[in-house]
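Q: Residues per chain, in single letters:
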Amino acid sequence: MEKLHIEGSAKTPFVSFDSGSGILELRGRSIPENSIEFFQPLIDWVDEYGVSPKAATQVDMKLEYFNTSSSKCILDLFKRLEKINDNGVQVKINWYFETDDEDMEEAGEDYAAIVGLDFNIVEIDEI
Amino acid sequence: MALKDVYDFYQRMEDEKVILSFKGEFSAELLTSILHIMESKMIELSIPMQMKKRVFNVLVECFQNLYHHIDISAAEIPMVEAKNAAIVMVKYVDEKILVLTGNYIPRSSTDELKKKLVLVNELDQKELKELYQQRLLHNSVSKKGTAGLGIIDIARKSKNELGYEFIEVDDKYSFFCLSIVIE
Numbered sequence: 001m002e003k004l005h006i007e008g009s010a011k012t013p014f015v016s017f018d019s020g021s022g023i024l025e026l027r028g029r030s031i032p033e034n035s036i037e038f039f040q041p042l043i044d045w046v047d048e049y050g051v052s053p054k055a056a057t058q059v060d061m062k063l064e065y066f067n068t069s070s071s072k073c074i075l076d077l078f079k080r081l082e083k084i085n086d087n088g089v090q091v092k093i094n095w096y097f098e099t100d101d102e103d104m105e106e107a108g109e110d111y112a113a114i115v116g117l118d119f120n121i122v123e124i125d126e127i
Numbered sequence: 001m002a003l004k005d006v007y008d009f010y011q012r013m014e015d016e017k018v019i020l021s022f023k024g025e026f027s028a029e030l031l032t033s034i035l036h037i038m039e040s041k042m043i044e045l046s047i048p049m050q051m052k053k054r055v056f057n058v059l060v061e062c063f064q065n066l067y068h069h070i071d072i073s074a075a076e077i078p079m080v081e082a083k084n085a086a087i088v089m090v091k092y093v094d095e096k097i098l099v100l101t102g103n104y105i106p107r108s109s110t111d112e113l114k115k116k117l118v119l120v121n122e123l124d125q126k127e128l129k130e131l132y133q134q135r136l137l138h139n140s141v142s143k144k145g146t147a148g149l150g151i152i153d154i155a156r157k158s159k160n161e162l163g164y165e166f167i168e169v170d171d172k173y174s175f176f177c178l179s180i181v182i183e
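If you read the protein sequences in the order shown, they are chains Z and G. In this text, residue positions in the first sequence follow our numbering: the first is 1, and each later residue adds one. In this text, residue positions in the second sequence follow our numbering: the first is 1, and each later residue adds one.
Worth flagging that the hints you see were computed from the coordinates, not collected in a lab. Please read these numbers as outputs of a predicted model, since none were measured by experiment. Just so you know, not all the hints are guaranteed correct.
Taking lysine-lysine and the DSSO-like style, the derived pairs with C-alpha atoms no more than 27 Å apart in a straight line are [unchecked claim]:
(1) Z:92 to G:129
(2) G:23 to Z:11
(3) Z:62 to G:126
(4) G:159 to Z:62
Listed next, with one range per pair, are the computed distances between beta-carbon atoms [what the hints assert, rightly or not]:
(5) G:4 to Z:43: 53 to 59 Å
(6) Z:82 to G:14: 49 to 55 Å
(7) G:95 to Z:120: 30 to 36 Å
(8) G:36 to Z:25: 22 to 28 Å
(9) G:183 to Z:83: 37 to 43 Å
(10) Z:120 to G:114: 39 to 45 Å
Note that beta-carbon positions come from the ideal geometry of N, C-alpha and C, so glycine has one too.
Could you build all of it, start to finish, from the sequences and the hints given here?
A: In structure tokens, the structure reads:
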């Protein structure tokens, strides 16, 4: 299966989904006008990845900030991963936030509260 | 308008501590430019990182709300050019950032908007968090990619009551003014 690699832009995050290593990374800001347009290929990729996922799948979310339109798409992404997780595969979410960015920390807690996946909320110096 | 009014305009903005203002048609490109300008302004003003991010977040939600609103109504009713326009101002007063927006909205949608504003102003941070999670989980995304979470998010980032006013313009439109404090 092909790797999914998208360079970051002023309004969309850098994406690197690697089926070989089972590491999926999103980094940067996510504020597109139409987030569905941006996230659909990511969601499709995860669906395909779910056919034969790595036993240990790691998702690294390193977001600077995101709009509410993206928040819904991020939830959709997690929901797809939840399904993979149910099939005997362990999906772990590493949710990063910059020191003092309590909003991003809280955003991680928001998802951890409503998504049935293992969340690891990690503080780092800089994203 | 006399030419010397330009100075009065300038002085008025200076007195009001306006650091950015724009009047005109909203677009996706404009948002990118405004974020860019605000980024350098906030560096100049040594605004802390968390506050900077909150300002970005609020501006993004305001713009994308306005942008979608304008888009929706433009499709519904053919409007004169002026009604596509909106205004956004950013002020920096007492180490707080104030975002002010104004745009035309059809009078038929003022009630719904007012209800949302009354609701978020009544809730404390914990209740806003719960409402956000609940809406995130249960609301579906519209075709335009809006999630109906914008105002809740603005209220969470502001941590202050949102100021608003609806000014009736004619039998079809009101002018909606919103003020958001970020500290």
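Q: For the hint 30 to 36 Å, verify it against the beta carbon of residue 95 of chain G and that of residue 120 of chain Z.
A: This hint holds: roughly 35 Å between Cβ atoms.
Q: So does residue 183 of chain G sit 37 to 43 Å from residue 83 of chain Z, Cβ to Cβ?
A: holds (42 Å)
Q: When you check the alpha-carbon spacing of residue 92 of chain Z and residue 129 of chain G, does it fall within 27 Å?
A: holds (24 Å)
Q: Straight-line Cα separation of residue 62 of chain Z and residue 126 of chain G no greater than 27 Å?
A: Answer holds: residue 62 of chain Z to residue 126 of chain G is near 25 Å, not above 27 Å.
Q: Could you tell me whether the CB distance from residue 4 of chain G to residue 43 of chain Z stays inside 53 to 59 Å?
A: holds (58 Å)
Q: Is it true that residue 82 of chain Z and residue 14 of chain G lie within 49 to 55 Å of each other by Cβ?
A: Since residue 82 of chain Z and residue 14 of chain G have Cβ atoms about 54 Å apart, the given range 49 to 55 Å holds.
Q: Taken at face value, is the distance from the CA of residue 11 of chain Z to the CA of residue 23 of chain G at most 27 Å?
A: With a Cα-Cα distance of about 23 Å, the restraint between residue 23 of chain G and residue 11 of chain Z holds, given a limit of 27 Å.
Q: Sort out whether residue 62 of chain Z lies within 27 Å of residue 159 of chain G, counting only the CA atoms.
A: holds (24 Å)
Q: Is 39 to 45 Å a correct range for the gap between the Cβ atoms of residue 120 of chain Z and residue 114 of chain G?
A: Once the Cβ atoms are compared, 41 Å apart, the range 39 to 45 Å for residue 114 of chain G and residue 120 of chain Z holds.
Q: Return holds or violated for the Cβ distance of residue 36 of chain G and residue 25 of chain Z against the range 22 to 28 Å.
A: With Cβ atoms ~26 Å apart, the hint holds.
The structure meets every hint from the earlier list without exception.
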